[in-house]
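Visitor: Read off the chains here:
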Amino acid sequence: MLMKKLIEKLGLTLLICIICICAVSIGIFYINFISDRIYNDSTSHLREIYDQVNRSFGAYVEKNWGLLESWEDYISSDEGAESKIPYFISKEQDYWGFTEFYFMAPDGKCMTLSGNAETMELGVDIDNLMVKKQPIMTSETLSDGQEVTVFAVPSEHKEYNGFGYDAIAISYSNADMSSSLNVEAFSGKARCFVIHNDGSILLSTLTGGNVYENYIVYLDAASDLSDKAVEQIKKDMENGNSGLLQCNIGKVSYCILYQPVGYQDFFLLSAVPQSVLSAGFLSVQKTTSNVIIAISVLIGAAIIVLIIMRSNKLSRKSKTELQYRERMFDVLSNSVDDIFIMLDAQDQNVDYISPNVERLIGIPVEEARSNIKVLIKCAITNDIIIPKEELEAIPLQGSISREYEYMHQSTGERRWYRMTMYHMSIQDVKKYIFVMSDRTHDRQMNQKLQEALTAARSANEAKSNFLSNMSHDIRTPMNAIVGFSVLLEKDADKPEKVREYTRKITASSHHLLSLINDVLDMSKIESGRTSLNVEQFSLPELLEELGIILVPQAKAKKQKFRMLVQGAPPERLIGDKLRLNQILINLLSNAIKYTPDEGRIEFIVQEIPHSSGQYAKLRFAVKDNGIGMSSEFQKKVFAPFSREINSVTNKIQGTGLGMAITKNLVDLMGGIIQVESETGKGTVFTVELTFALPEKEEQAEQLSQKIKRMLIADDEEEICLDIKELMKDTGIEIYYETDGAAAVDTAVRSHNKGEDFDVILLDWKMPKMNGIETAKALRKQLGTGVPILVLTSYDWSDIEKEARLAGINAFMPKPFFVSTFRQAIEPLLSEQKSEPENTAPSDEKVMEGRLFLIAEDNEMNAEILTEVLAMEGVECELAANGQEAVNLFETSEPGHYDIILMDVQMPVMNGYEATRKIRSSSHPEAKTIPIVAMTANTFAEDVRNAMDAGMNGHLAKPIDMEAVKNMVVKLIGTSDKNNSKEGI
Amino acid sequence: MRKKYLFIILLAILVTSCSLSESSQDGTKSVTLTLMGKKSDLDKSYMKSIFQQYEEKTGNKLDIISIEDAEFETEAAERFDKGNVPDIFMHFHNADLDRFDVDSNFYYLNDEKWTADLTDGAKAYCTDSSGRLLGLPFWENSVSGCYYNKTILNDLGLKPATTQTEFDVLCQALADTGYTPICWPANGCSWMIQFGMDPIFADNPELLEKLNKNEITYSDIPEMTNMVQWIANAAEKGWFGNNYPEYGWDEISPVMGQGQAVMTFIWDTWFYTDYSKENKYTIDDFALMPVFMNTAEKGTYEGGNLNMMMANKNSKNIDAVLDFLSFCASEENYNVAFDGISTVNCFKNQTTNIQSDMVTSSERSIKENERVSTASSRIIGYSADEVAEAINSLLHGKVNAEGCVKLMDEYRIAAAAKQGAEGF
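So the protein sequences, as listed, match chains A and B.
So the first sequence is numbered by my numbering: it starts at 1 and just counts up by one.
So the second sequence is numbered by my numbering: it starts at 1001 and just counts up by one.
Just chain A, with the same shape it has in the complex:
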């Protein structure tokens, strides 16, 4: 398996290498084989040639010796008379070409035919010649320096011209001798020597002379032959053996052949350059080798080209794939919010960093690539630097993770990244791969979830608290109701007790009702079903109604309640008066509730600028110096079911829903509500709301036609100035004084000048001299001609009688509005008394003698209502559902019923449908019969739904008899049944 993998891995390259090695081996083997063959053939050729040379030389020597011997015979014979010898020898010389003929004495002294003397140093050869009587051949340097080869043969001792001799000799010049040894076969490049067995040279073939004295010595010195080889040569020569060897002399390879000549110790030694010897063979070898090399080179080149092409192909493919992968990775990384970094484990250099680093961190990718530490600088967290040891401690293929917060270098945006560090090793090259994943969304989600969880827990806790509170709050009045009901039964015969018990039961019932109303309100707000009932309303009326409701409550706690209108807010506004009323009542009642006795409460209304003339923006501020709120509670004051728990609030009844409802209503109306509070010092709630404005009514001019000058007396100058501001559009000149006496003086002075004020407006509560006293003084000085009005924020019923006696013509509620002023002054100016308000006096039986059709499915409710109405002198006919009511009405005579009180939620047919049936019936009073909704659904849309169905009014359950009376009076008049009916 391992082998297979190895082969697969090495693949073609291994195969190619093996082929190359085999080819080279075969080539080397072949070349060696050829070389050996060439060498053998060459040496064989050399031997053959020099055998022939040797034979030729031997024949040459033999010939010369033979000639000498034949001449000796001639000389010794009778024919060889001294006189004939020169001629004879001369002829022979001409024929054979020797240089000189010598008669040789035993001591080596010679004489030529011409009688010239010469001495030859024959060395050992003299003994061979003269003693052993052997023919010799030797080299001699003559007295004139000429080097010659001498052939000599022994002869009989004789004399020639008196010179005694024992041998005769001839000489050849060495050059001539050398030519006889020259071997043309080697282009003259072969060195051929006739040497003695000690290596000394007798003859050489070197052209132009010879510089070798002893060739064995030279070989020893100049060639690469070992000492052993040289010794072998010497030994061979001593023993007369031939030899063949190869050596290098200088840069030339020589083939050395030596073989005995066969005479004396002479050897024929030839040194032939290997290149010359094997020239022909080498040519073949060279050609063969060249062919082999060329083929090998071609094959090798082809293989290399194939390998390179394959490698290039693989490389290109790999490179392309790599580029595609990198591109794909770049695209991938650009499309995700994860940054990928690869570091070299050795030098920590960046091998790769995904290009989205610029988008995500704001660092140019090249900058990050050149220095990874720039990333560290972007981190907000301090522990970003991971020690090298910690990195190295990551096991191979393992990873560690951290989370860091980074700041985007361009945008400054902070984002959280989870950095996972992997320790990888590929082919023993270790790398660290960092993946930085954007976890900001997760973090934010987690945070939101955490916050939601906390909120849910808080809400749950609040609801639990609420339920707990509600349980207590509901049980408390219920307990009172049940308990006093029991006592009522027990003390039914004691009228005082009965009145006391019923008063307490009623109070508890009202409290219980308010609890239920709040809970329902909140429930509706939370379910998103709250809507606004937008209509035109009067701000002064709203404030007056608030004063009516709240001033008594403040008065009960002896609190100072001030209602101020600053600036000149528009009096007619378009909005949901009911909800605005609810908001302000909540705030003001809370202020009263949470402000101790004799505390101070201020309600300030002011207009703040608005860019559009079609809208008015009002700010309602409720200030108190009550118990205040802690800063912690302020943060959740608008959260539902939240109540601050302390010793004071524990004693105060509340659901914890009031502010939540208020906040939601303000939000619903597009306003804002803010709170500033400090524990023990008081609270300021500010509500800012925008209202649409109705078209203006042109009344101011009419007012100024009747009033030119007006005097105001109020100890608060601010109020005076406010009134002046409010009245500026009326054209009336406003004068004011801050105390009663001054006002009297001013009025008197004007009177004396004949410039009486047309109206005098007095504040009731003024120091030193209050409004009544001032009025008395004015009447005393001015008489009754000037209308005097009292401006008060209190219920003036207690002082009305005294005030009228003092000469006060009318009362005006605070805060001052032009419209209320007009309403108050116009009757006085026209000396007409205003009509009494169309409200039902609480102690009159305004409904006595009336016949009500009551549609109510709940028998108990129906019975209670019947009984209560009966107490008011009303007769009732009951219908158990809408259908019955329709039937009863349709079948009734016209004028039979005065009014229909219609429950909404009923079986068979609900109140809305029944009303529509009635309105669409053919009954003569189908369109006119007053129908009033009577339902626990008290929200604006409920009212609107009732109106839409054709009803004329809406009464909330449980039924408040005063509300019923007012509604009846409003719709059908007082108890004068006949008149009323005629009026409808």
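Calculated directly from the structure, the hints in this document are not laboratory data.
Some hints here could point you the wrong way.
Pairs of lysine-lysine, DSS-like flavour, derived with a Cα cap of 27 angstroms [to be verified]:
no.	chain 1	residue 1	chain 2	residue 2
1	A	K558	A	K724
2	A	K251	B	K1123
3	B	K1237	B	K1039
4	B	K1348	B	K1029
5	A	K708	A	K753
6	B	K1048	B	K1348
7	B	K1061	B	K1113
8	A	K189	B	K1313
9	B	K1159	A	K235
10	A	K234	B	K1159
11	A	K448	A	K635
12	A	K560	A	K724
13	B	K1298	A	K189
14	B	K1237	B	K1082
15	B	K1159	B	K1367
16	B	K1298	B	K1038
17	B	K1298	B	K1398
18	A	K109	A	K63
19	A	K228	B	K1039
20	A	K557	A	K681
21	A	K623	A	K765
22	B	K1367	B	K1123
23	A	K189	B	K1159
24	A	K251	B	K1159
Based on the hints, put chain B in the right spot on chain A.
Guide: Chain B alone, transformed into the frame defined by chain A:
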């Protein structure tokens, strides 16, 4: 009183006349000859010896005018210009003698008896191109040739070359053994080239004449190119070794003495003056064969540069001057003077001097192949240093053989023109 003055005057005249008119030993009237020469030359022992002998034996006097070496040429020329020509003037022939107006001032000595005793080399050296003997050679003589280490050659089974072919074979045979065949001190040594040039111009005087008339140039002489090409080939074949460009005069002794190189082109007296006795090989290890530079098949030797004594033909004592020269050329006198001096013979009967075995053993070859120093002394504008510079350009591959010869021509012609030589 008048007698007293007269006596004094007569006495003074007598004293004066005695001092100026000393008699020679043979009874003739003695003379004082002025002899001008370079101080270091005059200080040679054999010169002092011959001067002393002359004065002692003849009773004549020599007024020696010794001029410091550095100022010699200039001061001597100035004296000549002012007409202060000495009776006898000592000078080498290989330098510029024209400034001393040879023709006007000196006596040609061809007819003197002692000329028969001069060796051929010495006589040839002192003879000008017109065959006029300018002076008596009286100096240490030497033979320049190829001095080789015969011990090494023998150890290698080799023998000296007798022909250019053999020399080339010998060089290659030596190179094949690993020896540097020729010590060629290219750095600053310039004499070798003239050895090669001597055969060209000594054997062909007409070439020299045309060259000196600027009728031909070196480039017109094929032998010059052959010589230069041989030098280039020798260098290329490694016959000069590897370090020859750095070798100068001072390296010849150690290179030859330690056997790094086997042959060099030098003169025999160098072995007595500059060859270190501390060397591995002694003077006995060396022998002499001709210089082979592809200009003479059997090689060449160059005779020594000799100091010669020239006679002022305008001297009032010209006879005494010629007698002085004859005195010096006398066998009994010069053998006394050169007794024990290492020198090659200037006189054939010179016997008391020490002549090296190197020269002695090659006498026959020297006799056959010696040439007078011709190139350096006879070629107008020749500068050994400039020729060496041209050869070094060749050896450094800056020019080829033809370019080298052309360069040598340029140097020569420029120098001749500077000298104001006729025809340049």
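Visitor: Sort out whether K1159(B) lies within 27 angstroms of K234(A), counting only the CA atoms.
Guide: 21 angstroms, holds
Visitor: Between K560(A) and K724(A), is the straight-line Cα distance small enough, at 27 angstroms or below?
Guide: Answer holds: K560(A) to K724(A) is near 24 angstroms, not above 27 angstroms.
Visitor: For a C-alpha distance cap of 27 angstroms, please report whether K1298(B) and K1398(B) respect it.
Guide: Not satisfied, since the Cα-Cα distance of roughly 31 angstroms exceeds 27 angstroms.
Visitor: Does K1123(B) sit within 27 angstroms of K1367(B), going by the straight-line distance between their CA atoms?
Guide: Status holds; Cα separation ~14 angstroms.
Visitor: If you draw a straight line from the CA of K1061(B) to the CA of K1113(B), is it 27 angstroms or shorter?
Guide: 23 angstroms, holds
Visitor: Against the 27 angstroms threshold, does the CA-CA distance of K1237(B) and K1039(B) hold or violate the hint?
Guide: 45 angstroms, violated
Visitor: Measure nothing beyond the straight line between the CA atoms of K228(A) and K1039(B); if it is 27 angstroms or shorter, mark the hint as holding.
Guide: Cα-Cα ~63 angstroms, so violated.
Visitor: Check the hint pairing K1048(B) with K1348(B) against an upper bound of 27 angstroms on the C-alpha distance.
Guide: 22 angstroms, holds
Visitor: Holds or violated: K1237(B) and K1082(B), Cα atoms, limit 27 angstroms.
Guide: 56 angstroms, violated
Visitor: Check whether the Cα positions of K251(A) and K1159(B) lie no farther apart than 27 angstroms.
Guide: Since the Cα atoms of K251(A) and K1159(B) sit roughly 22 angstroms apart, the hinted pair holds (cutoff 27 angstroms).
Visitor: Does the structure keep K623(A) and K765(A) at a Cα separation of 27 angstroms or less?
Guide: At roughly 21 angstroms apart (the allowed maximum being 27 angstroms), K765(A) and K623(A) satisfy the hint.
Visitor: For the pair supplied as a hint, K1348(B) and K1029(B), is the alpha-carbon distance within the 27 angstroms limit?
Guide: 33 angstroms, violated
When the structure is compared with the earlier hints, violations turn up for hints 1, 2, 3, 4, 8, 14, 16, 17 and 19 and for no others.
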